[in-house]
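Here the protein sequences line up with chains B and Y, keeping their order.
The first sequence begins at 80 in the working numbering and counts up by one.
The second sequence begins at 16 in the working numbering and counts up by one.
None of these hints come from the bench; they were simulated from the model.
Do not take every clue at face value.
[As the list claims (entries may be wrong)] Some residues of chain Y that are not near chain B, with every Cβ distance over 10 Å (derived): (1) Ala27; (2) Ala40; (3) Tyr53; (4) Leu72; (5) Arg78; (6) Ala80.
[Unchecked claim] Selected chain B positions facing chain Y (in silico; Cβ < 10 Å): (7) Ala82; (8) Arg179; (9) Glu352; (10) Ser413; (11) Asn414; (12) Phe424; (13) Arg432.
Glycine included, every Cβ here is placed at the ideal spot set by N, Cα and C.
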Amino acid sequence: MSAVEAWAAQITVEQLDEDPYPIYARMRREAPVCFVPAVGLWFVTRWADVERATTHPELIDSSVTPSPLDRVMGGPSILVLDGPPQKKLRAMLDPSMRPRVVESTSPQLVAAIVEERLDAIADRGEAELMSEYFEPVSVLSLGSVLGLGELDGDTLRRWFHGLALGAINFEDDPARWAVSDATGADIDRELAPVLERLWETPDASMIATMLQHAEGSFGERVAAVLPTLKVILLGGMQEPGHAAGSTVAGLLESGQAAAVAADPVGLVRDAIEEGLRWVSPIGTQTRRALVETELGGVRLPVGANLGVLVSSANRDEEIWGPTADAYDLLRPRSNHAAFGFGPHFCSGHHFSRVQMRIAVQRLFERLPSLRSDPDRPAVFSGWEFRAPQHLHVRWDA
Amino acid sequence: MVDLGSVDLGPADLADGDLRGATAAGLVLVVARTGERYVTFETWCTHEECPLGDGWLEGEAIRCACHGSLFSLVDGAVLEGPALDPIAVAAASVTPAGRVVADISTLHA
Numbered sequence: 080m081s082a083v084e085a086w087a088a089q090i091t092v093e094q095l096d097e098d099p100y101p102i103y104a105r106m107r108r109e110a111p112v113c114f115v116p117a118v119g120l121w122f123v124t125r126w127a128d129v130e131r132a133t134t135h136p137e138l139i140d141s142s143v144t145p146s147p148l149d150r151v152m153g154g155p156s157i158l159v160l161d162g163p164p165q166k167k168l169r170a171m172l173d174p175s176m177r178p179r180v181v182e183s184t185s186p187q188l189v190a191a192i193v194e195e196r197l198d199a200i201a202d203r204g205e206a207e208l209m210s211e212y213f214e215p216v217s218v219l220s221l222g223s224v225l226g227l228g229e230l231d232g233d234t235l236r237r238w239f240h241g242l243a244l245g246a247i248n249f250e251d252d253p254a255r256w257a258v259s260d261a262t263g264a265d266i267d268r269e270l271a272p273v274l275e276r277l278w279e280t281p282d283a284s285m286i287a288t289m290l291q292h293a294e295g296s297f298g299e300r301v302a303a304v305l306p307t308l309k310v311i312l313l314g315g316m317q318e319p320g321h322a323a324g325s326t327v328a329g330l331l332e333s334g335q336a337a338a339v340a341a342d343p344v345g346l347v348r349d350a351i352e353e354g355l356r357w358v359s360p361i362g363t364q365t366r367r368a369l370v371e372t373e374l375g376g377v378r379l380p381v382g383a384n385l386g387v388l389v390s391s392a393n394r395d396e397e398i399w400g401p402t403a404d405a406y407d408l409l410r411p412r413s414n415h416a417a418f419g420f421g422p423h424f425c426s427g428h429h430f431s432r433v434q435m436r437i438a439v440q441r442l443f444e445r446l447p448s449l450r451s452d453p454d455r456p457a458v459f460s461g462w463e464f465r466a467p468q469h470l471h472v473r474w475d476a
Numbered sequence: 016m017v018d019l020g021s022v023d024l025g026p027a028d029l030a031d032g033d034l035r036g037a038t039a040a041g042l043v044l045v046v047a048r049t050g051e052r053y054v055t056f057e058t059w060c061t062h063e064e065c066p067l068g069d070g071w072l073e074g075e076a077i078r079c080a081c082h083g084s085l086f087s088l089v090d091g092a093v094l095e096g097p098a099l100d101p102i103a104v105a106a107a108s109v110t111p112a113g114r115v116v117a118d119i120s121t122l123h124a
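Between the sequences and the hints, there should be enough to build the whole structure, so can you do that?
Below you can see the structure in the form of structure tokens.
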């Protein structure tokens, strides 16, 4: 066993959760494709290899076995399918997520939710932004687009956190399974009447569109749609809220918040794209080697399960230079990997960006003196999914 | 002055941030104005060949209406996926007679 293999064998889930970036940096330098026994995955860390692993489904596909995703989602979802079955599911989702559709309806919807949330905290002079602002805005915005407008934000946030616990359970922790299994059952029970109503009386919501584009009896359509619907509940509620939180944490930590407060409209897009790059909320995509294949100088055996780290690609010094680890509002805009590459590129990326843009812009417009709470600094956690666990801020009320 | 190889892409009547279609030398093109700059590029998105002419400008970039890729109109680079490959962009100029002209030989590459 080489020195770097011995080091990788000692990596723990706790270390990854606390801060995976120094680990990824050493791998990019010394072992860019590296097996990590603690999670049973080959980590793919460099930009070029991440792009290759996600754009050659004839060599490396999404059918990871065993995958925590199948258990959490209650069946094969869009995340673990390739080829025609995946395209069929994309065809159900994409009509609701086309940029022009999103731009025509979502800004008003998101803005109303944002204003209500800001009204609730504006006079207080302090808040914990993740639980009081970004996560509620994210879940309520997506819930409304999905057709789940009658569900409250706390229920949607509970679902989101329950699904997340299972989706990242590569270490097979029974406590995590207990929570995510219960969440899955809860979602099935709560959504059953909603699906029935949207099938019998379709509206313009995403769930109604998905049911109409599916095939077979109502039961067959529900079986086809439900696992992917849970993926959307998880990822779609996570990406915008958590990336917006990381963006604000990056702005505050780097001393660049005042610049955005002075010109929110002009700088918000650069701010959120850098936030998505700096701490990618969905940092890991899982893949499987379909055939024996070479990646990053390593010959992967058939069936090797990969953790393709878009979060590491987004810190690759070869692409982003020596300041890759820093949040930099002035970094020239360039395509990042936060939404993936290839056939599994996030269908909802534009909707996510609209949400983030409005949430961050209006936050700085209404609370221009926003600053970190010096007594409670932001703490990030997670490697598959990463975001501030708390983001306590103050402002002049 | 009109360069050798330049083609006429119609009147210079676009407002800032507007775009329109044009055809020249067998290519289906988009002509766009950002600030005082005119540029032209082939309409086909490098992702799934949706027409970029159906999209819209965001500052100095073009958004594909199909899947949301964003391309720089300064150098054609992908600013937001899902596209992986850049587009070719040719700078255009305005003649004293108010016509948009461009050397589109680089778009044939």
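Checked hints:
no., hint, result
1, Ala27, "27 Å, holds"
2, Ala40, "30 Å, holds"
3, Tyr53, "22 Å, holds"
4, Leu72, "13 Å, holds"
5, Arg78, "6 Å, violated"
6, Ala80, "5 Å, violated"
7, Ala82, "36 Å, violated"
8, Arg179, "5 Å, holds"
9, Glu352, "8 Å, holds"
10, Ser413, "7 Å, holds"
11, Asn414, "5 Å, holds"
12, Phe424, "4 Å, holds"
13, Arg432, "8 Å, holds"
Going down the numbered hints, you'll see the structure goes against 5, 6, 7, while the others check out.
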